[in-house]
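Visitor: Sequence:
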Amino acid sequence: MNMKDTCCCMFFVLFFLCFSINNNLSEGADSITANLSLSGSQTIVSSGNTFELGFFNLGSPSRYYIGIWYKNVSQRTIVWVANRETPISNTSSAELKISEGNLVLLDSQVSFWSTSVSSTTSKSVVATLGDDGNLVLRDGSKPTSTERFWQSFDNPTDTFLPGGKLAYDKRTNEKQILTSWKNSEDPSLGPFSLELNPNESQYVITRSRSRKYWTSGAWNGHIFSLVPEMRLNYIFNFSYVDNVNETYFTYSLYNSTIISKLVMDVSGQIKQISWSEQTKEWNLFWSQPRQQCEVYAYCGEFGICNQNSLPFCSCLPGFKPKSEYHWNLTDFSDVRSAGECESICLNICSCTAYSYNGNECLVWNVELLGLQQLSEDDGTGRTIYIRLAASAPQFLSTKKNKGVPVGAIVGSVAVVTVLLAIVGVVIRRRRRHILGTAKAVMRSSVAYLEFGRDNKNDTGVPFCSWKSILAATENFSDVHKIGRGGFGPVYKVLL
Numbered sequence: 001m002n003m004k005d006t007c008c009c010m011f012f013v014l015f016f017l018c019f020s021i022n023n024n025l026s027e028g029a030d031s032i033t034a035n036l037s038l039s040g041s042q043t044i045v046s047s048g049n050t051f052e053l054g055f056f057n058l059g060s061p062s063r064y065y066i067g068i069w070y071k072n073v074s075q076r077t078i079v080w081v082a083n084r085e086t087p088i089s090n091t092s093s094a095e096l097k098i099s100e101g102n103l104v105l106l107d108s109q110v111s112f113w114s115t116s117v118s119s120t121t122s123k124s125v126v127a128t129l130g131d132d133g134n135l136v137l138r139d140g141s142k143p144t145s146t147e148r149f150w151q152s153f154d155n156p157t158d159t160f161l162p163g164g165k166l167a168y169d170k171r172t173n174e175k176q177i178l179t180s181w182k183n184s185e186d187p188s189l190g191p192f193s194l195e196l197n198p199n200e201s202q203y204v205i206t207r208s209r210s211r212k213y214w215t216s217g218a219w220n221g222h223i224f225s226l227v228p229e230m231r232l233n234y235i236f237n238f239s240y241v242d243n244v245n246e247t248y249f250t251y252s253l254y255n256s257t258i259i260s261k262l263v264m265d266v267s268g269q270i271k272q273i274s275w276s277e278q279t280k281e282w283n284l285f286w287s288q289p290r291q292q293c294e295v296y297a298y299c300g301e302f303g304i305c306n307q308n309s310l311p312f313c314s315c316l317p318g319f320k321p322k323s324e325y326h327w328n329l330t331d332f333s334d335v336r337s338a339g340e341c342e343s344i345c346l347n348i349c350s351c352t353a354y355s356y357n358g359n360e361c362l363v364w365n366v367e368l369l370g371l372q373q374l375s376e377d378d379g380t381g382r383t384i385y386i387r388l389a390a391s392a393p394q395f396l397s398t399k400k401n402k403g404v405p406v407g408a409i410v411g412s413v414a415v416v417t418v419l420l421a422i423v424g425v426v427i428r429r430r431r432r433h434i435l436g437t438a439k440a441v442m443r444s445s446v447a448y449l450e451f452g453r454d455n456k457n458d459t460g461v462p463f464c465s466w467k468s469i470l471a472a473t474e475n476f477s478d479v480h481k482i483g484r485g486g487f488g489p490v491y492k493v494l495l
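Under the working numbering, the first residue of the sequence shown is numbered 1, with each subsequent residue one higher.
In case anyone wonders, no lab produced these hints; they're calculated from the structure.
Virtual Cβ for every residue (Gly too), placed ideally from N, Cα, C.
All the given hints hold, so there is nothing to weed out.
Only pairs whose alpha carbons sit at most 25 Å apart, straight line, appear in this in silico SDA-like list of lysine to any residue: (1) Lys182 <-> Ser267; (2) Lys123 <-> Glu95; (3) Lys271 <-> Asp132; (4) Lys175 <-> Phe149; (5) Lys170 <-> Ser208; (6) Lys320 <-> Gln307; (7) Lys170 <-> Asn245; (8) Lys212 <-> Thr383; (9) Lys175 <-> Thr215; (10) Lys165 <-> Val227; (11) Lys182 <-> Phe285; (12) Lys212 <-> Glu200; (13) Lys97 <-> Ser116; (14) Lys142 <-> Ser114; (15) Lys271 <-> Asn72; (16) Lys271 <-> Glu281; (17) Lys175 <-> Met230; (18) Lys182 <-> Ser274; (19) Lys271 <-> His222; (20) Lys320 <-> Ser208; (21) Lys280 <-> Pro162; (22) Lys182 <-> Pro321; (23) Lys123 <-> Ser99; (24) Lys142 <-> Ser31; (25) Lys261 <-> Tyr168; (26) Lys271 <-> Leu58; (27) Lys261 <-> Ile177; (28) Lys280 <-> Asn72; (29) Lys320 <-> Ser309; (30) Lys142 <-> Val117; (31) Lys212 <-> Phe285; (32) Lys212 <-> Asp242; (33) Lys97 <-> Phe149; (34) Lys261 <-> Phe238; (35) Lys320 <-> Tyr385; (36) Lys320 <-> Arg387; (37) Lys212 <-> Lys261.
For each label pair, taking beta carbons as the anchor points, the in silico distance ranges come out as: (38) Ile344 <-> Asn199: 34 to 40 Å; (39) Gly163 <-> Gly217: 20 to 26 Å; (40) Pro143 <-> Ser41: 24 to 30 Å.
Assemble the whole structure, with the sequences as input and the hints as a guide.
Guide: This is the structure in structure tokens:
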């Protein structure tokens with residue numbers, strides 16, 4: 001072989017080695033070190049070839065994230081996301097590296113995510129991916145040390161892997177919380193969360209970290225009381241620990257070759273699922289709540305959940321999804337009579353709906369959430385009345401849908417107007433009659449006092465003029481007043 005051929009062979013060997021190292025750090029690499037970063041399509045793989053870490057993209061346009069997924073599962077399944085709230089637009093200028101004792105995601109030298117550990121002093125910090133799917137930040141100079149500066153198991157996203165734990169730290173009051181993805185194409189924080197209620201030794205699922213709609217029941221020493229599926233079985237070994245420092249729930253697999261996980265799903269249900277290599281799909285072991293429509297506000301505002309139909313969600317008449325795209329991604333983002341209940345709603349400008357069941361009036365003045373379509377023979381439901389504009393076409397298209405005919409409304413207004421006019425005329429005439437009578441009485445009184453001035457129609461009774469009476473009583477002074485009779489004050493005078 002001549003020198004030229006030798007140079008060509010060396011060139012291709014070096015090129016192949018550089019290409020392999022540059023595009024796949026996973027060959028023998030399970031760690032990111034100060035001298036070995038991760039970018040582009042590069043990945044690291046756990047020593048047992050179980051989990052892989054690298055960049056992945058979702059959505060359109062693409063958004064890129066750092067995540068962990070199963071290495072040998074043909075259907076890529078993400079179990080942890082680093083920058084779930086801060087995706088990057090491309091990977092050409094992005095890099096995951098060790099910087100100042102932390103694992104940091106940079107894009108054009110701008111930090112998008114970091115482990116944010118302030119207590120690391122070692123200059124030989126490494127990030128290692130374990131076969132349990134846990135990414136650990138540790139001191140690389142002490143490979144046998146169990147000290148961990150940071151780990152992904154303490155910062156879960158939506159997935160709870162075997163060996164991990166959902167804990168409550170009694171010293172710091174911190175919790176490990178599982179939070180669903182926003183939808184199947186967006187790993188950012190969704191509305192549903194699973195967390196421990198340490199005061200009652202049980203787990204709860206909440207919507208928006210406020211509205212609780214499911215509880216596991218208390219731990220009875222073997223299982224959570226309201227999750228009978230956890231009874232002793234040949235697959236899972238569940239444990240609940242409560243000590244001075246912390247309270248936590250964990251589980252392991254009797255058979256380490258089984259691939260299984262517990263996930264806070266976008267459906268609002270907690271699901272235990274296992275991978276079947278034969279069918280190449282995930283099989284459901286158990287889920288809670290069992291019924292999809294038991295998930296609070298699963299279908300969003302003004303949506304109805306029907307357990308007997310697929311898809312489960314539909315809109316009320318007169319409404320449509322805000323976004324067909326997100327709808328398809330399952331992102332569904334308190335009277336005495338019915339009349340009084342209706343009046344309460346009509347007198348509240350913000351009221352959107354009301355319901356009355358004979359002893360309780362419910363009025364909604366916020367988003368109308370948590371509706372379920374029940375079968376006709378189901379007696380557990382109640383009728384809800386939605387407040388809409390009178391011109392809503394969905395309610396005017398047929399005679400049956402017209403709640404109140406327009407003619408009836410106009411006629412009612414006309415009748416009320418005529419009645420008010422008649423009442424007004426009667427009141428006005430009565431006032432005139434009363435005023436006229438008063439004036440007549442006054443005139444007759446004066447005439448009576450003046451009567452007999454000409455000695456006409458003399459009846460033998462002496463008459464006095466008005467002026468003489470005023471003079472005699474000194475303008476009706478109290479000095480001359482001797483009492484009061486049925487027609488007024490009585491005065492005594494000498495004429």
